[in-house]
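There are 2 protein chains.
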Amino acid sequence: MKTINIGLLGCGTVGAGVAKLIIKNRDLITSRTGALFVLKRVADINKDLALQFGKDVFTTDADKIIDDPDIDIVIELIGGTGVAKEFILKAIDNGKQVVTANKALLADSGSFLFEAANKKGVDLAFEAGVAGCIPIIKTLRESLVADYVKGIKGILNGTCNYILSKCTEDGIPFAEALKEAQKKGFAEADPTLDVEGIDTAHKLAILTSLAYGTEISFDDIYVKGITNITSDDIEFAKFFGYKIKLLAISKHHGDTIEARVHPTMVPFDNILASVAGSMNAVEVSGDAVGDMVLYGHGAGMMPTANAVLSDTVDLARNILNGTRQKIPLFSCQPDQVKRIPVLPIEEVSTHYYFRFSVQDCSGVLAKIALVLGNYNISLKSVNQKGGEVDGSVTIVMMTHLVRESDVRNALQEIHRIDVVTSRPVLIRIEDENEKL
Amino acid sequence: MKTINIGLLGCGTVGAGVAKLIIKNRDLITSRTGALFVLKRVADINKDLALQFGKDVFTTDADKIIDDPDIDIVIELIGGTGVAKEFILKAIDNGKQVVTANKALLADSGSFLFEAANKKGVDLAFEAGVAGCIPIIKTLRESLVADYVKGIKGILNGTCNYILSKCTEDGIPFAEALKEAQKKGFAEADPTLDVEGIDTAHKLAILTSLAYGTEISFDDIYVKGITNITSDDIEFAKFFGYKIKLLAISKHHGDTIEARVHPTMVPFDNILASVAGSMNAVEVSGDAVGDMVLYGHGAGMMPTANAVLSDTVDLARNILNGTRQKIPLFSCQPDQVKRIPVLPIEEVSTHYYFRFSVQDCSGVLAKIALVLGNYNISLKSVNQKGGEVDGSVTIVMMTHLVRESDVRNALQEIHRIDVVTSRPVLIRIEDENEKL
Chain A
1 MKTINIGLLG
11 CGTVGAGVAK
21 LIIKNRDLIT
31 SRTGALFVLK
41 RVADINKDLA
51 LQFGKDVFTT
61 DADKIIDDPD
71 IDIVIELIGG
81 TGVAKEFILK
91 AIDNGKQVVT
101 ANKALLADSG
111 SFLFEAANKK
121 GVDLAFEAGV
131 AGCIPIIKTL
141 RESLVADYVK
151 GIKGILNGTC
161 NYILSKCTED
171 GIPFAEALKE
181 AQKKGFAEAD
191 PTLDVEGIDT
201 AHKLAILTSL
211 AYGTEISFDD
221 IYVKGITNIT
231 SDDIEFAKFF
241 GYKIKLLAIS
251 KHHGDTIEAR
261 VHPTMVPFDN
271 ILASVAGSMN
281 AVEVSGDAVG
291 DMVLYGHGAG
301 MMPTANAVLS
311 DTVDLARNIL
321 NGTRQKIPLF
331 SCQPDQVKRI
341 PVLPIEEVST
351 HYYFRFSVQD
361 CSGVLAKIAL
371 VLGNYNISLK
381 SVNQKGGEVD
391 GSVTIVMMTH
401 LVRESDVRNA
411 LQEIHRIDVV
421 TSRPVLIRIE
431 DENEKL
Chain B
1001 MKTINIGLLG
1011 CGTVGAGVAK
1021 LIIKNRDLIT
1031 SRTGALFVLK
1041 RVADINKDLA
1051 LQFGKDVFTT
1061 DADKIIDDPD
1071 IDIVIELIGG
1081 TGVAKEFILK
1091 AIDNGKQVVT
1101 ANKALLADSG
1111 SFLFEAANKK
1121 GVDLAFEAGV
1131 AGCIPIIKTL
1141 RESLVADYVK
1151 GIKGILNGTC
1161 NYILSKCTED
1171 GIPFAEALKE
1181 AQKKGFAEAD
1191 PTLDVEGIDT
1201 AHKLAILTSL
1211 AYGTEISFDD
1221 IYVKGITNIT
1231 SDDIEFAKFF
1241 GYKIKLLAIS
1251 KHHGDTIEAR
1261 VHPTMVPFDN
1271 ILASVAGSMN
1281 AVEVSGDAVG
1291 DMVLYGHGAG
1301 MMPTANAVLS
1311 DTVDLARNIL
1321 NGTRQKIPLF
1331 SCQPDQVKRI
1341 PVLPIEEVST
1351 HYYFRFSVQD
1361 CSGVLAKIAL
1371 VLGNYNISLK
1381 SVNQKGGEVD
1391 GSVTIVMMTH
1401 LVRESDVRNA
1411 LQEIHRIDVV
1421 TSRPVLIRIE
1431 DENEKL
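Chains A and B are the protein sequences, given in the same order. If you use our numbering, the first sequence corresponds to residues 1 to 436, in order. If you use our numbering, the second sequence corresponds to residues 1001 to 1436, in order.
Simulated from the structure, these hints should not be mistaken for lab results. Any given hint could be a false lead.
Said to hold, decoys possible - Below are the DMTMM-like pairs computed for lysine to aspartate or glutamate, each with C-alpha atoms no more than 20 Å apart in a straight line:
1) A:K326 with B:D1291
2) A:K2 with B:D1067
3) A:K338 with A:D360
4) B:K1338 with A:D27
5) A:K338 with A:E115
6) B:K1367 with B:E1413
7) A:K150 with B:D1027
8) B:K1047 with B:D1061
9) B:K1238 with A:D269
10) A:K20 with B:D1287
11) B:K1326 with A:D27
12) B:K1020 with A:D287
13) A:K338 with B:E1413
14) A:K24 with B:D1287
15) B:K1338 with B:E1413
16) B:K1150 with B:D1287
17) B:K1024 with A:D70
18) B:K1150 with A:D27
19) A:K2 with A:D70
20) B:K1040 with B:D1061
21) B:K1150 with B:D1291
Predicted model, so just to flag it, every value in this text is computed and none were measured.
With the hints as extra help, turn the sequences into a complete structure.
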């Protein structure tokens, strides 16, 4: 029987899961592939792991894996954009097939790494980098190979979805939900990368590249996190039939694309609204396939380890068949990669929810409506709620399709009206029933 | 540039979609594969198609495709278990790679066809056979290659889901919803295959085979359709927090498997409950991945054509790389295929909903409860609704986990009680919150 030798760089939570699957499910993997998968080497800075893996397998020296001619596939699970990048490049240079789950690195240096891999004719697989065990990379590159993708909407960060679900279900404020998420292990001690939307944007960069066969700079993605979402907004959303989710959105308009991450109101009857807790989901809209949604665990030891293993087996099947790069890294052939410009957020058109706090006096609504009218912002619904403790009144509005720049100008002007007591709030809406 | 020559057998709705995609998306497919995909021949009994495709491409003689040495991939979209089987076998025998969407044929003769393909070392791809564009075959065979699948639950028939959704949303009876489905093209003039659950069972047979690497005889699957679902049952389901869906269910118990198709109550908060209209969805539970759901269009010209094309490109990539059968047809190696026995429905344990019509007199509930108690059927909730026009009373009950044989015996005995006015109704329940 043929043997596939695997070297693992980084043995934290996901790495431990990968080791477990390779060892525990060895017979299953053999029954499916006809080959023996061996975890030949594990490198980590945590020396205590030597006890678990034994001296022959464990090392603190990554080069022992990268330079070992017997190792067929290198799995990088160190994370970050530092040594991980260096190790991956060296592994590629040594002709290794590489699997990674490193979304930050791919969002930052994907094109560069792909180019290096293409030069050496090796594969660089990264299913685990986006949405854990959800096979979104495979679906985009293989199942939709003959279809034009028109748009993607994703709940790609379990921490944010857990927090927003808690806020919605239990009516508790963001800070309290965050604390609970941290207590339950769904949020890091420093939650910035998650709650500010950066992790989601890393993943959106990868999906956007693959969906449209385009290079995208991470900096071109508009990113807004969930830290300012209030219980009021969640309640108003409910009242209008929406849930607030942190969505990664990208749309293909032919000559331009949209790519943005922000809290978004999603109608109750959209399947993304029913994605609760720490679960992830991605909706892909294709010209031929229409709307498709993939749902599952977006993080966690075993789901992510499964995605790493599925990539590992894909690459192993290439090795066993004497082929390489059967599926191009960028979804299209290297010479076909485009660079479609990303629309600045100001030029995006979508639907909006506004919340204004105003003094309880006559003529306020007229003043606000006048400004909105001047910017051609047409309203779908208006709701006024009185009786606040401080004598102020809350006015909420939902708009038809309008342009972000008009919205920004209008809200600035409205903020300057003397009876408007605080900065107006806006939340964007994705409503399937009012298509572009 | 390398060319992939495609021959299409059968050019009905899906066939026309496939032809359209190959021609219209030629540049896209080339940009992704680096090869030129040519629809070299189309065979159909409808001679009018000659006008559309031209004399050089169109033929009424399938052998012109099957025997053409230039044709690399044969796509069979005739359907049924007659000539389609003959053509596929001959194409395999001629060393062609074959793509089909023929679930009936696969459920009936899958093992036989796989054996023939294995002997010749060719591929037989069938993503389009189950749930249209939803990449469930790829996910089972590739993304879950290193994981043990524990269970599958699917909404696999758009006709049934459309009818049940209509009944639920508009409160109309089955017959009326069926008529509307027929008018809108969601149901055939003869809807038997769909509404009796047979089409769903065909698909479940395929998924079960792949998920557990087992041969399964179609006859071992318990099948019950949706024709007897009443508005009353839908209303009671709602009252208890459930929706009624036609589910395909299979579970792996180690030494045995369950495989059954029947109307099933699904809790509102389960994502399958939010699958509306003619959409399909499949939930896969894996040891490592937990629960995963794939959702999309389960039928229709372009979604199904997309699945056919994704298979076609997969096989073309094999051809372009000089490999074959990179992924074994049965998900596991041919010599590893098992034959796990299927539990007879009588031996399955699940949760149940019962509805009894009884005369409005004292002691009825006690009589029913006594019988249920004698068969160790423990109840979770009971609801009695009086005031029927004919003086009868409806009693509905939900059970804890009980065995089907006990349920059948108890209901037979209850039916014989003199004050029970009609045959008791049972609907099975899948409740995640009460795991086995």
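Taking the hints in turn, this is what the structure says about them:
no. : hint                 : verdict
1   : A:K326 with B:D1291  : violated (30 Å)
2   : A:K2 with B:D1067    : violated (36 Å)
3   : A:K338 with A:D360   : violated (54 Å)
4   : B:K1338 with A:D27   : holds (14 Å)
5   : A:K338 with A:E115   : holds (14 Å)
6   : B:K1367 with B:E1413 : holds (10 Å)
7   : A:K150 with B:D1027  : holds (17 Å)
8   : B:K1047 with B:D1061 : holds (11 Å)
9   : B:K1238 with A:D269  : holds (17 Å)
10  : A:K20 with B:D1287   : holds (12 Å)
11  : B:K1326 with A:D27   : holds (19 Å)
12  : B:K1020 with A:D287  : holds (12 Å)
13  : A:K338 with B:E1413  : violated (71 Å)
14  : A:K24 with B:D1287   : holds (12 Å)
15  : B:K1338 with B:E1413 : violated (39 Å)
16  : B:K1150 with B:D1287 : holds (7 Å)
17  : B:K1024 with A:D70   : violated (46 Å)
18  : B:K1150 with A:D27   : holds (17 Å)
19  : A:K2 with A:D70      : holds (13 Å)
20  : B:K1040 with B:D1061 : holds (14 Å)
21  : B:K1150 with B:D1291 : holds (10 Å)
In this structure, the hints that do not hold are numbers 1, 2, 3, 13, 15 and 17, in rising order.
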